[in-house]
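Chains as they are written, first to last, in the UniProt record's numbering: chain A, 1 to 433; chain B, 1 to 240.
Hint data in this document are derived by calculation from the structure and do not stem from the laboratory.
One or more of the hints may lead you astray.
Claimed, not checked - Listed below are the simulated BS3-like cross-link pairs for lysine-lysine, each with C-alpha atoms no more than 25 Å apart in a straight line:
(1) 345(A) x 193(A)
(2) 357(A) x 345(A)
(3) 153(B) x 425(A)
(4) 425(A) x 152(B)
(5) 425(A) x 16(B)
(6) 153(B) x 209(B)
(7) 73(B) x 345(A)
(8) 152(B) x 209(B)
(9) 177(B) x 209(B)
(10) 361(A) x 425(A)
(11) 193(A) x 24(B)
(12) 361(A) x 404(A)
(13) 150(B) x 162(B)
(14) 177(B) x 162(B)
(15) 177(B) x 153(B)
(16) 177(B) x 16(B)
(17) 162(B) x 152(B)
(18) 151(A) x 24(B)
(19) 425(A) x 275(A)
(20) 275(A) x 49(A)
(21) 16(B) x 151(A)
(22) 275(A) x 150(B)
(23) 209(B) x 73(B)
(24) 236(A) x 49(A)
Listed below are the residues making up each chain.
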Amino acid sequence: MSTTLTPVLSRTWDQPDSFTLAAYEREGGYRAMRTAFGMEPDAIVQAVKDSGLRGRGGAGFPTGMKWGFLPPSSPNPRYLVVNADESEPGTCKDIPLMLANPHVLVEGVIISSYAIRSNHAFIYVRGEVLHVIRRLQQAVAEAYEAGYLGKDILGTGYDLELVVHTGAGAYICGEETALLDSLEGYRGQPRLKPPFPAVAGLYGGPTVINNVESIASVPSIVANGADWFASMGTEKSKGFGIFSLSGHVTRPGQYEAPLGITLRELLDMAGGVRKGHRLKFWTPGGSSTPLFTDEHLDVPLDFESVGAAGSMLGTRALQIFDETTCVVRAVQRWSEFYAHESCGKCTPCREGTYWYKQVFKRLEAGQGTEEDLQTLLDLSDNILGRSFCALGDGATSPVTSSIKLFRDEYIAHFTQGGCPFDPAKSTVWAGEQ
Amino acid sequence: MSYAPETLAQLERDAKEIIARYPKPRSALLPMLHLVQSVDGHITSDGVEFCAEQLGITPAQVTGVATFYTMYKHDRVGEYHVGVCTNTLCAVMGGDQIWDELSEHVGVGHDEATEDGRISLERIECNAACDFAPVMTVNWEFFDNMTPEKAKKLVDDLRAGKEVAPTRGPNSVCTWKQASRILAGFPDGRAGEGPQAGEPTLVGLELAKQRGWEAPPADAARPEPDDPAAGSQTRGDIHK
Ligand SMILES: Cc1cc2nc3c(=O)[nH]c(=O)nc-3n(C[C@H](O)[C@H](O)[C@H](O)COP(=O)(O)O)c2cc1C
Ligand code: SF4
Ligand code: FES
């Protein structure tokens, strides 16, 4: 084992005033912006392409390539929209990033907007995180005051308006086209693609949508070089990323490391699974990514390797569950989440997640049959690949993977006429009494 | 609309400011719904009518949007709206037990408020704080690493009018209506209060410092247009 942590985004988080403009500039913040203003916009796009940065919001699409899809000229204004909706269960990296250092995101927005020649940018932040919203509002206000936003930034002739827009509680608004509808003041429902947002996005104009961490990584690429970024990570998954460990681990939290680190290495850094227990199952990238077990401890956590092992890197939301956890209960709760969050636009997802919920109720209560397992798999077949957006596909991940990995445990629920687990044993305070 | 003239005048000033932020007025709808909640506590027919009028759309269009999003409330909300995360990870770590005990203690269920209007409860979805599980919120401020005992004491304190401080937030929680105003985009000047990070946020960084782990040095000989003397010396740079 040789992978070490590489704090870049998290490097200043331990300073008590890390969220202020003064602290950010003390540490060299907003210098990359000045460097960028001395570059041709296309050269910045090229640098981001060369760095190999891939979207940190889950899908891993190459960021520079996405920027390159914008038409060279268009009658409509171009927009940059930052996806700060962070709502995928298990995902908890963007929120602490924005709380501790909103300015790195603001600087990323300025450089990225300049690179794609946009004069209007938005940060769409979920609403249920009040203090993060305060910090974003303050950072944007400070950047305006310092002359980093607004008209004729630092005498360059470049103008940029940045608006912090607060959502109102809807997981689906993290889906990029639903986000655009929501930002336009409508119900957040996905749009048909194509046209892709790069061609017709916000108000029909060419639009780039990127995750918080993607945009926040841009200043480091401009400051340190594309080769520097590409020197970290694996062949096709370059750079660093924030890995979020939660659940039954000794030291849950944020670990910034090169892509390709393994869960075994991360668990070692986090003090292992909580004392006296062992790993049962985990999500590599949030609840929408198929479950892994202790057989997957050495899978390099990069896009290709996790994919080849049958799951997805997603948002690097590593939710760790030990042997006290009932997998049926876990998947039931996620299924209820998807049913609750399904936007209702398409039938496979709307109906399928509703039926998931009904079947799981029976199963967890010990009233299911083997036929119910088949029903779950059939429902999954009807949702996967037939849904309008990736929410539906994601809903099937925990269901099909858990049946595959833990069929016996499902069956035990109905042979024993109920859940064989004691939920009290899984709690943080179990064993403390 | 039955708003008092001065309330209406203030609402109109605020709405104008919100609308001015956007290239197209309709984008102002979500913040404006937060705004009317900051006055009425929940979405009322007055609030719907106000939004419709300001944006030149129909009340039905406003209602169609307001009913889509869970943060817009259609019934009375407590002065302190208390959320318990019962998504899988928090639920397993103890959120389910917290919910059961708290709901019984307060005597109300999901999306219900107490008679005195002080407290309402909601089972919330993952709030992007799983490394602090089990997680609660009060008026969307973070209350991390909760237990059933802490949860009950928190609500008792809120009912008794005591000042209560979030784990990662300002020095005290504001009211539901004040929180809604921030969501509408009107800061309350308290961004500087409270910690920059919680303990789990820093575990990786602290370990890296202990072990002397850093990201590699910057590419050699990068031009630094604003500081030619610095040469390749970008090591002190925040982005390293
Ligand atoms: C249901 C659903 C929810 C999503 N939620 C988020 C989110 O909260 N944040 C995010 O950045 N991407 C989210 N995405 C992915 C976005 O659609 C999009 O791929 C991403 O924002 C692009 O940015 P990136 O290329 O920088 O990763 C979600 C996708 C789906 C289908
Ligand atoms: S898959 Fe689900 S969330 Fe996506 S459009 Fe269909 S109903 Fe809506
Ligand atoms: S599951 Fe509760 S905050 Fe993520």
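Status of the hints after comparison with the structure:
1. Distance hint between residue 345(A) and residue 193(A) is fulfilled; the C-alpha atoms sit about 14 Å from each other, no more than 25 Å.
2. Only pairs whose Cα atoms come within 25 Å are accepted, and residue 357(A) paired with residue 345(A) is accepted, the gap being roughly 18 Å.
3. A threshold of 25 Å between alpha carbons decides the hint, and for residue 153(B) with residue 425(A) the separation of about 23 Å falls inside it, so the pair holds.
4. A distance of roughly 21 Å separates the Cα atoms of residue 425(A) and residue 152(B); the hinted pair therefore holds under the 25 Å criterion.
5. This hinted pair does not check out: residue 425(A) and residue 16(B) have alpha carbons roughly 54 Å apart, beyond 25 Å.
6. A hinted pair counts as satisfied when its Cα atoms are at most 25 Å apart, and residue 153(B) with residue 209(B) does not qualify at roughly 37 Å.
7. Of the pairs offered as hints, the one joining residue 73(B) and residue 345(A) holds, with about 22 Å between alpha carbons and a cut-off of 25 Å not exceeded.
8. Using a Cα cut-off of 25 Å, the hinted pair residue 152(B) and residue 209(B) is violated, with the two alpha carbons roughly 38 Å apart.
9. With a CA separation close to 42 Å, the supplied pair residue 177(B) and residue 209(B) exceeds the 25 Å bound.
10. Taking the CA atoms of residue 361(A) and residue 425(A), the gap is near 21 Å; set against the 25 Å cutoff, the hint holds.
11. As the CA atoms of residue 193(A) and residue 24(B) are separated by approximately 23 Å, the hinted pair is consistent with the 25 Å bound.
12. Taken as a hint, the residue 361(A) and residue 404(A) pair is honoured in the structure, with Cα atoms around 19 Å apart against an allowance of 25 Å.
13. Restraint check for residue 150(B) and residue 162(B): the C-alpha separation of about 15 Å stays at or below 25 Å, so the hint holds.
14. Between residue 177(B) and residue 162(B) the alpha-carbon distance is near 18 Å, which keeps this suggested pair within the 25 Å criterion.
15. Between residue 177(B) and residue 153(B) the CA atoms are separated by roughly 23 Å; this keeps the pair inside 25 Å, and the hint holds.
16. Between residue 177(B) and residue 16(B) the alpha-carbon distance is near 20 Å, which keeps this suggested pair within the 25 Å criterion.
17. Note on residue 162(B) and residue 152(B): the hinted pairing holds, with a Cα-Cα distance of about 14 Å set against a maximum of 25 Å.
18. A hinted pair counts as satisfied when its Cα atoms are at most 25 Å apart, and residue 151(A) with residue 24(B) qualifies at roughly 20 Å.
19. For the hint pairing residue 425(A) with residue 275(A), the CA-to-CA distance comes to about 13 Å; that is within 25 Å, so the pair holds.
20. A hinted pair counts as satisfied when its Cα atoms are at most 25 Å apart, and residue 275(A) with residue 49(A) does not qualify at roughly 44 Å.
21. Of the pairs offered as hints, the one joining residue 16(B) and residue 151(A) holds, with about 21 Å between alpha carbons and a cut-off of 25 Å not exceeded.
22. This hinted pair checks out: residue 275(A) and residue 150(B) have alpha carbons roughly 24 Å apart, not beyond 25 Å.
23. As the CA atoms of residue 209(B) and residue 73(B) are separated by approximately 46 Å, the hinted pair breaks the 25 Å bound.
24. Proposed proximity of residue 236(A) and residue 49(A) is supported: the alpha carbons are some 12 Å apart, at most 25 Å.
Comparing the model with each earlier hint shows violations of hints 5, 6, 8, 9, 20 and 23; every other hint is respected.
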